[in-house]
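J.: What follows is each chain in one-letter form.
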Amino acid sequence: MTVAKRVEANDPETPWLGRIGRLAAPFIGLFLVLGIFVAIEPEAFASARNAQTIAVQTVVVGIGAIGMCFVIVSGGIDLSIGSVIALASVTGALTLDAGHSPSSALAVSAGTGVACGLLNGGLVTSLRIPPFIVTLGMLGIARGLAKLLSSNQRIAPPPESVGWLEGFVDKTPEPSWLLVAPAVWSLLVIAVVAGLVLRRTPFGVHVVAIGSNEQTARLCGVAVRRTKIVVYVLCGLGAGIAGAVTLGRLGVGDPTTAVGLELQIIAAVVIGGASLSGGEGGILGTMIGAFMLSALSAGCTLAGIDNSVQEIIIGGIIVAAVTIDGVRHRRNRA
Amino acid sequence: MSETTSPGGVPLLAMREVRKRFGGVHALRGVSLEIERGEVHALVGENGAGKSTLMKILSGIESPDAGEMDFLGRPWRPTGPVDARRGGIAMIHQELALAPHLSVAENIALGVEPRRVPFLGSVSPLDLRSMRKRSEDVLRRLGHGDLDPGRRTGDLPAAVRQIVEIGRALASEASVVVMDEPTSSLGRRDADRLLELVGRLRDEGLAIVYISHFLEEIRRVADRYTVIRDGVTVSTGRMADQSDEGLVERMIGRSLDAVFPPGGRSPGEIRLRARAIAGRSLPVDASIEAHRGEILGIAGLVGAGRTEFLRCLAGLDPTDRGALEIHGRKIRHSASVRSRMRAGLGFLSEDRKGEGLALAMSVGENLLLPRLRPIARGGLLSSRRMDEAASVWLDRLAIRTGGSTAAAGTSSGGNQQKIAIARLLHQDADVLLLDEPTRGIDIGSKVQVYGLLDRLARDGRTIVMTSGHLPELLGICDRIAVMHRGVLGPARPAGAWTESSLMSEAVLGGADADGEEAA
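Order-wise, the sequence lines are chains A and B. Sequential numbering of the first sequence, starting at 0, is according to numbering that gives the first Met the number 0. Sequential numbering of the second sequence, starting at 0, is according to numbering that gives the first Met the number 0.
For the record, the hints were derived by calculation from the structure and aren't laboratory data. Among these hints, one or two may not hold up.
Claimed, not checked - Below 20 Å or equal to it, Euclidean Cα-Cα: the simulated EDC-like pairs (lysine to aspartate or glutamate) are:
1. B/352 / B/67
2. B/352 / B/324
3. B/55 / B/67
4. B/352 / A/213
5. B/352 / B/364
6. B/55 / A/213
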């Protein structure tokens, strides 16, 4: 009995406080970003139209970041996600161009992502190469493949063939009572499902366990290899869907799109409280991170801040987020 | 030897003439072990004797080359640790095998989570209620019914994490629990509680294989013992029939003249003077004067601030108040680790694996790291010169490794510790701050380290060491001081202390703290 009491005394932080602490930083960051831009550009920024824009912009980073969240929590990383998004947008566009339906294009894009994820996961687990290296390789392979398939050109399927994929990401949705694009609602549904899977299923617990202590997970009979492969496949699936969304937004399959997007996606996950050494991170935080980044870029555009400056700001925020995370960790350990 | 026959006829678990070879190395050359239901069976032997290989075979991580194993009257051939756990043999590892980011309940259920919709497989929603209940049940059995299963495991102290790990073994309905050095990461009180718990589990009918270097622990908790040396079972019997000396002699295979070197050192002038040192949180107030040629011991409970004190002196933790002099020269609070090293301080970390050595780097690199310049020629290091410089120390300290170019991690714990001490000598330190210099090394190596410390002191070096093992401090030190809640008491000659007087000052503090806390 005394032991348990002493435990409380040693560690006043209760679990729910810890959880809130983890989410406090991203929330504060988000409100800071929103506050600053509302102050600078009150009319343009705090408008329904701008909110719709930000919401749609969040979709690509957000869907990618959900998959990435699983990978990072498992202690891995997927650097190839930007290239895979580009590749998936090209394969989707080629599908449309060949006269198939938007749904088949989505399926092909998703399948492209899954295939890349399978390859990533397979190589990471079977060759025992660090995920950083494997996915760095895949970054080049997928980008090259996208250029090869498209002969280094944008694939522009006939505009009418894009069909519902275009409406899916339309900022001003039809019907208007949807308020934001259907893609945004889909993102929310996917996020809720992903959050439940990560926290409330054996699979999710296994992902955390692998990132937290892989030896332990193996010892306890967790199918470490299979779980890791599934994690990369999920990330690939996210990239594939994000590719189809990109195709819907641009109307073309662009092999040069989403360059450097992997960094924004990873940033969203990390800003959301994930640890790059694994074991920590969540979908809600990730969504806040993704939303914050797109609010930031939309705000910068409205305020007439140059793209290059935006990149510097985002870089600074990533470093700040990781610093805050590090400080929190040190305090927890002390 | 008093070979006991099993009272109930067939033992619960029997291993007979088990052999295992790794390449050309015979790790096990014929080990036999019999475990009864409801007993604590101590498995003892030096590091490298084959204990861990034997346990790996038992828990299915390795398979034997020859020999028989029977468990519950049937041949035992686990295919892996999971299979072994399901079959009824669970292992509690020395390095705690928990996922720090998961909750207590999740760790206890890890790998066998209850599913609400089994049909969905691993994406079925978790049955949180039964997961929680299962954890509460085993925690209550372990006397920790108050522990909230929802807590994050990484936030718990080591002693409670250990309980969680034992809980995992109980939850899997194990009938044999193997504990490998379970108290190595615990303080004395927590270790005491754990030993009580081990006794309770035995009374419930569990069989416990208890691996430990600490003879006092084994003496307290074990009913029978088996000694392994060089991959062979050399002795087995009832604890009551065997003396500690007898056990040690069987472990090291020779008679035990003296564990501790004879005394009779003659300390010289004061070399290190620390007055009222205070760190950020610990220590609160610590003063010592250490002489040339002296071994000064610092006793105290875990968390009393012994480690923090040495780290303050070494410049690894910030000093807030106090004065430090080495060789009569004042050392500023802000002085870097490097400048303190130049003044003659050398620090040995208690955490050999995490901090003390870079295990992946070579023995030579580890040894020479603080002072590479004299070995370099024209700014370049040559492997030949490094090998020469390192070999001098390896010879002088009789360090057995795969040579100076082998990775430090491939040496035994005792030899790793000697490498870490050799590094301080290479660095030319004459005040050695040694934090738990014999932690986690086997008895044979301990004897060698004691001899080494004695030699160093006789050569005129000053040694300040901490240890959680009181007989060790009493045996090796000239003077001992006790740390209690960050306050260091006066140093008295070792002869003026007894184990119980050290312990009572460690628990109660100085004489003025009478009755503050019942021991």
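J.: Are there hints from earlier that the structure breaks, and if so, what are their numbers?
T.: 1, 2
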